[in-house]
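Here the protein sequences line up with chains A and B, keeping their order. Using our numbering, the first residue of the first sequence is number -6, and each one after it goes up by one. Using our numbering, the first residue of the second sequence is number 1455, and each one after it goes up by one.
Treat the hints with care, since some could be wrong.
Unchecked claim - As a list, the in silico SDA-like pairs of lysine to any residue whose alpha-carbon atoms are at most 20 Å apart: (1) B/K1615 <-> A/L23; (2) B/K1615 <-> A/N21; (3) B/K1615 <-> A/D87; (4) B/K1615 <-> A/I74; (5) B/K1763 <-> B/A1752; (6) B/K1615 <-> A/V69; (7) B/K1615 <-> B/I1605; (8) B/K1615 <-> A/R79; (9) B/K1763 <-> B/Y1894; (10) B/K1763 <-> A/N90; (11) B/K1615 <-> A/V86; (12) B/K1615 <-> A/V75; (13) B/K1615 <-> A/Q85; (14) B/K1615 <-> A/T83; (15) B/K1615 <-> A/R20; (16) B/K1875 <-> B/D1739; (17) B/K1914 <-> B/P1858; (18) B/K1615 <-> A/R88; (19) B/K1615 <-> A/F57; (20) B/K1615 <-> A/A72; (21) B/K1615 <-> A/E30; (22) B/K1615 <-> A/L71; (23) B/K1615 <-> A/V2; (24) B/K1914 <-> B/E1839; (25) B/K1615 <-> A/R81; (26) B/K1763 <-> A/S91; (27) B/K1763 <-> B/R1901; (28) B/K1615 <-> B/P1565; (29) B/K1763 <-> B/Y1895; (30) B/K1875 <-> B/T1747; (31) B/K1615 <-> A/N90; (32) B/K1875 <-> B/G1743; (33) B/K1914 <-> B/G1822; (34) B/K1615 <-> A/F78; (35) B/K1615 <-> A/F46; (36) B/K1615 <-> A/L80; (37) B/K1615 <-> A/S91; (38) B/K1763 <-> B/S1906.
If you are wondering where the hints come from, they were derived from the structure by calculation, not from laboratory data.
As a plain string of letters, each chain reads:
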Amino acid sequence: MTPSLDAYVMLSSALFAIGFLGVLVRRNTLVIFMCLELMLVAATLALVAFSRFNGTEDGDVFVFFILTVAAAEVAVGLAIIVALFRLRQTIQVDRLNSMRH
Amino acid sequence: MDFSTLRSLAAGNAWGSVWPELSLGCLALFLLVLETGLPRSMHARIPVVSIAGQLGILGVLLLNFDTPYRATFNGLLMLSPQGQLMRVFFLISSILVSLLARRSLPWQRVPRVEFHHIVLVVAAAMMLLVESRNFVMLFVALETVTVGLYILVSYYRSNPKTLEAGLKYLVMGALSSALLLFGIVLLYGVAGSPALSGRTLEAMQYGGLRGFLEANPDNFLAAAGIVLVLSGVAFKIGAFPFQIWIPDVYQGAPTPVTAFLAVASKAAGFIVLLVLVTEVFAPYDWLVGPVLTLMAAATILFGNLAALKQNNVKRLIGLSGVSHAGFILLAVVSVSREPMAVGAVYFYLYAYLIASFAVFGVMTVLAGPDDSEQELGDYAGLARESPFLAGVLACGLGSLAGIPPFAGFMAKLLVFVIAFKAGHFGLLGVAVAGVVVSVYYYFGWIRTAYFSDEAAISPKTAERARAGAGLTLGIALAALTLGSIVLGFYQGPLGNWLAGH
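Turn these sequences into a full structure, and let the hints guide you.
Here it is, written out as structure tokens:
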């Protein structure tokens, strides 16, 4: 038995919500970053499911672009996090508040 | 697989029509080639090559300005007179950012050529962004802009505040991209659904999606998708409640990048919003109208009230930029009842570009090695040390505040007249109150520069003020000031042109 479209959409919405809440709630920068990637992956899953059930192909093509973009984002993002850790010796967001006035 | 269909599809690609984007990309690569090819002693000349190249592209673009409406690349891109106007806009901003960077980068121990390289790539991606009429194209162009800006924001990597700003921009930018993406996916999924009437096989295309939304004007999933897409764009333009990243990122980023974020990135977001609201989401005006109205009112109020108590000038200009986003949103809200609002948005963006870069230019000249600490007190008695810089600053701030005879006054007047015609009286009241508040803090800054009794200006700042802007940047600042005044008196062909479209 193949799962229905509703099941896919529910799953991807749940993953997206988990990622979104994670970004808001978690304090470790790396975990936040993983939650951001989770949101992108949730969108990709929904895209593939819609593409399969609707019979339109451009969704499948879009997935490749999203993967490329996510890779670029991770490359830049991890570099920033590593550079910040070298300077501050912490990646906890609640300690990164040197600019509060 | 039948290759003849692919060939016939590719035959419609008008590569010649995207020459400004292509030449910017080639120029960017050429800079890197120069860096590897030239001896180290010549590297200081490379930014000059970048600026000269951009000026050349701008010249050719202005000579070939007239373009008819034309879709190309199978509807991925739409060439239009408005697109040409924005190409000129982004080129002017990238030229000015390169000029400011030429002044600012030598104070830091960072590589210089890559900065100019990324500015060019981001400018080209912004051009593609405002021309795109397909969600895949929109997303890819937007991400090229955003990832480039992640690097630029955290460019002074030995300064912890800059890196902190970079991290905050990264998290917020990625979050907004994910929201936008999920919105696009929902719209794509529901518009292609075989169970609904009016389904389209081209749901990624703006036109195809518009057809579906017209056939189903009250679909819940489509409404959710629209709200998510609007939130994603609202992050980019810094509209309430998505403005939380603005003060910290603006303060920590290098001053030229702050200018790029405040002007070009915001303008790109607004044109995307304008195109989406007028061309795609029009059947859902019952949803988009109230959401944007509330957003505009809250943005104007928040931006102005938060800017009141700022002492750091970068935070001040960032939060006042939030309130400007609210004023432009006021024009975007009016667009469904008053088509003239499109012209008002473009005029406001140009007035904002000219005034902002004048202020950012003065800030760059006065900023010391620690770029993120520029206080209002540093400007005390600036008029005594350098009347030229103080004059440029006063004209720029006056235009931002919307004082006649500057361009900012005409821009605000145009937006208010259009909001009045469209019948948004409540919003208009909020906007007028916002202008009154903004005059207070802009004039506080001018007063500090001109009428401060105690010589609070530090010796080093005074030294930088006396050293002046240098010839090239000085000419650019004078031209911006002149532009602010001329555009306030005489809109001429530009005004007719905007009214005509």
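Violated hints, by number in ascending order, as checked against the structure: 17, 19, 21, 23 and 35
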